[in-house]
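*Asks:* Letter by letter, the chains look like this.
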Amino acid sequence: MQERYAYYPGCLASLSQKELDSSTRAIAKKLEIELIEMPSVTCCGAGDIHEAKPDYYLHISARILGQAEQSGCDTILTICNVCTLNLRQANMALQADAAVLNRVNDNLKEVGAATYQGGVDVRHLLWEVSAGEGYDRFKSIAVKSLEGLKVAPFYGCQILRPAKILGFENSDRPESLERLIMACGAEPIDYPAKVKCCGFPIVLAREDVALGELVQPLEQAIDAGADVIVTPCPLCHLSLDAWQRKAAAYSGRELGIPILHLAQLLGAAAGIEESELKFKRHVTRLSPSVKAKLQVPSVVGTKV
Amino acid sequence: MIRHDVIVLGAGLAGMRAAIEAKRAGVDVAIISKLHPTRSHSGAAEGGINAALGNATEDSPESHAYDTVKGSDYLGDQDAIEVMCREAPDDIYELEHMGAIFTRASDGKLAQRPFGAAGAPRTVYSADITGHVLIHVLYEQLIKYDIKVYEEFFATKVVVDEGRCAGVIAWDTQKGGLHAIEANHVILATGGVGRMYYGTTNAFACTGDGMSLAWNAGVPLKDMEFMQFHPTTLKSNGVLITEGCRGEGGYLRNKDGERFMVHDAPNAMELASRDVVSRAEWREIADGRGVDGCVMLDLTHLGWKKLKSRLPGSRELAMDYAGVDPIEQPIPVRPGAHYQMGGVDCDIWGETMVPGLWAAGEVACVSVHGANRLGGNSLMETIVFGRRAGQAAAERVFEQGDTGARIEPAALADEDRRIAAILNNSEGERPGVLREELAKTMYDKAGVYRTGEALLECQEKVHDLRERAKTLSLDDHSSVFNTDLTTALELLSLLECADCLVTSAVARKESRGAHSRLDFTTRNDDQWLKHSLNWNDGGEVRLDYRPVTITKHQPLARSY
Amino acid sequence: MAAIENAHFTTLKGAYDTETMEATVKVRRYNPETGKSRFDTFTVTIPVTATVLDALDAIKDTCDGTLSYRKSCRMSVCGSCGMRVDGGAALACKVPMRKFVEAGHTITVSPMGNLPVIKDLVVDMAPFWDKIRAVKPFLDTKNADTPAKEWRIDPADTALIHKESLCILCGCCVSECNSMEADPEFLGPAALAKAYRFVGDARDKDTRERLRDLSGAHGIWDCTRCYFCNQRCPKGVDPRDAIAKLGAESFKEGFTSDPGAKHAKVFVDSTYKGGFLRETELVPKTIGPANAIKDIPFALQLARAGKVPNPLSPHKAKDNDEVKRLWKLLEKEAKGQPRRATAVHPDAVQEG
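Residue numbers (my numbering), protein chains in the order written: chain A, 1 to 304; chain B, 305 to 864; chain C, 865 to 1216.
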């Protein structure tokens, strides 16, 4: 774990998933790591721009990497699976081929943007706190034991696959979330769909297909006895949380399982307050018993 | 009763090419294959396909033919070789027009690489996956021409009615059950028979089924004693490590670290022809200078950069199947059975002695390879002679109409009884036991080097195995996807082909091409410049001979 | 030729010596006659270099001849032996057993997913082949004047479809495709990679029609980007990347009416306007205003949780003019280039 990171919250944490941004900032403060702002960064390109306009995607990602480099950081901290994959993939393409990097830099220079020398790594918060020194540091701030809380980890796709771009852990049998759930004093729940897709990328364009994917982790986690699901990705979160009622209608059964951002779970164990974790910004509300197990201070009366 | 004008057995390169040509000619053609077409072993071919395009340097079909005749140790029929070499360029252009993704030179033409014993860079290729690229382009054409494929159907009999081909009886592996599929014309394109050897580059499917079908239909197998051995195959599973490793500068060493090729080919060294290198390796191992039955292919001095950039496929195979990373350790290799030069006797249009029964590709012996095949000629043979067989069979359909040959219900009933007897039997030995005994016997006694004594022992053993195989014990008596049954049927084919091979090898008292006898070390043109023919005589092999067709090139001593 | 000393042949010394190990394998069985499934566990002695396929062969030869699976080349080129090893699709002939034995781990072998099981590890590939057929998997030069010799193609242009040309049609990608699980009609990763092999081919002239068909229902915009296909492919084809390339090509051709394409377009336009995604524009612009109105109750749920950002003051990145200039520069550059690789008729080439 570094002392300072170029912080890249991505689009959703600045918009519908503001609770992820505030939770991340709060946990970073507790971990005593400095998050350097990059005020002119844009969207990473996501899968969508990557697919529609691959060259444009490569350039805007290079611009983000360049800004991180110019801020004096050698690592970008991400809190979204999609940002992690897309920035890493662009980074690999730029680092692997000097001709590609030179062409992109020429274009960036021409429009007056920051160029990129190839010296930045992109890492997700999950990776930084689930292993090595970062894990020890988190253990030391996890002062509250969330005993009795059964947590189903949901990894999502783009923090695991393709492993040749991500490669932090075994993509079929990941353990990082489980390790952190246990570090929080909670109990990890196992179920097959934890490494599968939440359906988010096509939830608008192909709602039925997406819901067919989404119901799997929701049903399996509930059937395995989970109180909550935790995910490192705000897109998975949106799908699991906001589309949960549609998933219930699709599957024809009651669901109603709260979804936590990774930073919220870590924050709860670190004793961070509701005003920063902002559970009220979830569509699927926390039940009183889950609230009690999360032991978050001043749950009542907090401004959203 | 199912009926087509033409049935093609096998869906590798030769079979698919034949079917496409017949379909284009306008006849009703269908393919019967025990494998899905893209699973065929043609797809494993690495190096390339020969045609005198002259893209790299000046070249001509005549030069290609000369190299092929000389390479065959003068046993190849020169009329057939001339046909192949003359027609090869247009066939290559046609494959390109179909969509084959060949490697290109900087001018955008097809690139051509040099290959062993070729007078010019003549081999068109697609990196080291030429067979893969071709099998897929022909499969694409099968779809384009909407050609019916009886997929995972195992042909058990070619039916001959009053001397004419009447069709095929085949077992539906997916659903179970025998079917009579009538056709006046059947083109055999079932590939080779490498699985009779313990060390072989061939797929599990290469069990000589078509050779056995033809032999049992009364067609002789020709020149079966000529089995080509490839010098660098993995001990664990026989997988081929390409000649490119030696082309890039790899060494062959014995257990003392000596580059033993210095004794056999002091100039060409490791790049001497396949038969020469295989024999040198066999000698090293037999004389106690091997390592666990292998010699060592040493690539460690090439450096990791070269290995990763030029030979990534070979490195992966060595790591997957020998457990060694060639960057750090030499790869244990040994000769393995690679290609059957002999096969079903047929003419330059692929027709056999049974009217309406044709053959093309490795199953056939036209013969273009004679006693030794040149690298890059086998793929070309499949395309040229596959096309010709498809064309000729279709023409015959138009000329003759229905020949009247039929599969009588009694023939189907007989075959049903034979298959049922195998399927339901639980007495005797397991097919796997016999297969392993056969493969070891052949590898030990009818391998790279042969002697009269060892060959006779081998023959006796093969006869013993054929006797024991009359009752095979099956565990699986069910009908759906019964691979225990197909394994047993394949074993019967292997045994018949092995009997033909060893019988003609015992008789051929000379050394020519791949048939290398320690008791008759030289080529003897006076007595042995002739094709061996193995006939089925009541289940026993009967030998006969036929002269070689010589047009332009009189036999000379073969030296490189 | 050097003389051979050992003229009498028996077995070559060491020819059949192999170091062996004992391996335990759990196999999913399915009997089509009874319709019943079960797991069987076998222990066999196999060479240390053995693969999962070798272990299955040892089981079939020595324990239970009724075990059924497909195999042929045993060198990862024919594509017959796709099956799941510990839940992940792989070629059985490419997975070494040694690491499992050394770890004391009993592997579980089961049939591939997303395809009906026929018996034990054998699946019915018919739906797979039907989808390959559905993408018109053959070159179409649209009756272009066929040259007497080969088409001329720049080597760099053949490289465009190199990865897709490696596909062996084994089905490992399809086995775990998350979209296909939810929509069995989805063309899927193998067929789409095959489709790109023609879209990207310099000789093919059917590009527009291909892209029009592929960008419709059950086509490229069905892909949920789970990346299981790239992860499982034993040949490095990276089918998901091929699907992305098809998306980019269909954008070039102007096929942007599918909701999936519209969704992507919102991302592109948003970054141009303000650097970030405009979430509030995503719903109406993807599914159309009429459908968006039907979804108002859903939108209200989100709004109550504060999940609907204010559309009147969207989140904007600083210095976004740089991005606008970048967009214009790249669009101009793309206009100056040929839309795709083209083969040249040999008669049109001036030999120098």
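Hints are computed from structural coordinates only; laboratory data are not their basis.
Just so we're clear, the structure is a prediction, and the values are computed from it rather than from any experiment.
Be careful, since some hints might not be right.
Below are the BS3-like pairs computed for lysine-lysine, each with C-alpha atoms no more than 25 Å apart in a straight line [what the hints assert, rightly or not]:
(1) B:K479 x C:K1182
(2) C:K1182 x A:K109
(3) C:K1137 x A:K18
(4) C:K1137 x A:K109
(5) C:K1126 x A:K246
(6) B:K559 x C:K877
(7) B:K448 x C:K1137
(8) C:K1006 x C:K900
(9) A:K18 x C:K1149
(10) B:K612 x C:K1069
(11) B:K452 x A:K164
(12) A:K109 x C:K877
(13) B:K813 x B:K774
(14) C:K1006 x C:K1126
Partial pick of chain C residues on the chain A-facing surface, computed with a CB cut under 10 Å [what the hints assert, rightly or not]:
(15) T882
(16) R892
(17) Y894
(18) G952
(19) T1005
(20) A1023
(21) H1026
(22) A1108
(23) K1109
(24) G1124
(25) V1130
(26) L1166
(27) R1168
(28) A1181
(29) G1200
Just so you know, even glycine gets a beta-carbon here, dropped at the ideal spot from N, CA and C.
*Asks:* State for each hint whether it applies.
*Replies:* Going through the hints against the structure:
Of the pairs offered as hints, the one joining K479 of chain B and K1182 of chain C is violated, with about 67 Å between alpha carbons and a cut-off of 25 Å exceeded. Pair hint K1182 of chain C plus K109 of chain A holds up; C-alpha atoms about 17 Å apart against a cutoff of 25 Å. For the hint linking K1137 of chain C to K18 of chain A, the alpha-carbon distance of about 21 Å falls within 25 Å, and the restraint holds. For the hint pairing K1137 of chain C with K109 of chain A, the CA-to-CA distance comes to about 21 Å; that is within 25 Å, so the pair holds.
Of the pairs offered as hints, the one joining K1126 of chain C and K246 of chain A holds, with about 22 Å between alpha carbons and a cut-off of 25 Å not exceeded. A threshold of 25 Å between alpha carbons decides the hint, and for K559 of chain B with K877 of chain C the separation of about 13 Å falls inside it, so the pair holds. Taking the CA atoms of K448 of chain B and K1137 of chain C, the gap is about 47 Å. The hint is violated against a cut of 25 Å. For the proposed pair K1006 of chain C and K900 of chain C, the alpha carbon gap of about 51 Å is over 25 Å, so the pair is violated.
Restraint check: the Cα-Cα separation between K18 of chain A and K1149 of chain C comes to about 23 Å, which is no more than 25 Å; the hinted pair holds. Between K612 of chain B and K1069 of chain C the CA atoms are separated by roughly 36 Å; this puts the pair beyond 25 Å, and the hint is violated. Among the hinted pairs, K452 of chain B with K164 of chain A is inconsistent with the structure: their alpha-carbon atoms are about 41 Å apart, more than 25 Å. Distance restraint check for K109 of chain A and K877 of chain C: the Cα-Cα separation of roughly 68 Å exceeds the 25 Å cut-off, and the hinted pair is therefore not satisfied.
Proposed proximity of K813 of chain B and K774 of chain B is contradicted: the alpha carbons are some 32 Å apart, above 25 Å. Between K1006 of chain C and K1126 of chain C, the direct Cα distance comes to roughly 30 Å. Violation of the 25 Å bound is thereby established for this hinted pair. For T882 of chain C, the interface hint is violated, since its Cβ never comes within 10 Å of a Cβ in chain A; the closest pair sits about 30 Å apart. The closest approach between the C-beta of R892 of chain C and any C-beta of chain A is roughly 15 Å, which is over the 10 Å cut-off, so the hint fails.
The beta carbon of Y894 of chain C comes no nearer than 19 Å to any beta carbon in chain A, farther than 10 Å, and the hint placing it at the interface is violated. Against a cut-off of 10 Å between C-beta atoms, the interface hint on G952 of chain C holds, since the closest Cβ of chain A lies about 5 Å away. A hinted interface residue such as T1005 of chain C counts as satisfied when its beta carbon comes closer than 10 Å to some beta carbon of chain A; here the least separation is about 27 Å, so the hint is violated. For A1023 of chain C, the interface hint is violated, since its Cβ never comes within 10 Å of a Cβ in chain A; the closest pair sits about 13 Å apart.
At its closest, the beta carbon of H1026 of chain C sits 15 Å from a beta carbon of chain A; the interface hint therefore is violated under the 10 Å criterion. Hint status for A1108 of chain C relative to chain A: holds, with the closest Cβ pair at about 4 Å, below 10 Å. A hinted interface residue such as K1109 of chain C counts as satisfied when its beta carbon comes closer than 10 Å to some beta carbon of chain A; here the least separation is about 8 Å, so the hint holds. Because the closest C-beta pair between G1124 of chain C and chain A is about 4 Å apart, less than 10 Å, the hint holds.
With its C-beta approaching chain A no nearer than about 8 Å, V1130 of chain C sits inside the 10 Å limit, and its interface hint holds. A cut of 10 Å between beta carbons decides the hint on L1166 of chain C: the least distance to chain A is about 6 Å, and the hint holds. Because the beta carbon of R1168 of chain C sits about 8 Å from the nearest beta carbon in chain A, less than 10 Å, this interface hint is met. For A1181 of chain C, the interface hint holds, since its Cβ comes within 10 Å of a Cβ in chain A; the closest pair sits about 5 Å apart.
Against a cut-off of 10 Å between C-beta atoms, the interface hint on G1200 of chain C is violated, since the closest Cβ of chain A lies about 13 Å away.
Hints 1, 7, 8, 10, 11, 12, 13, 14, 15, 16, 17, 19, 20, 21, 29 from the earlier list are contradicted by this structure; the remaining hints agree with it.
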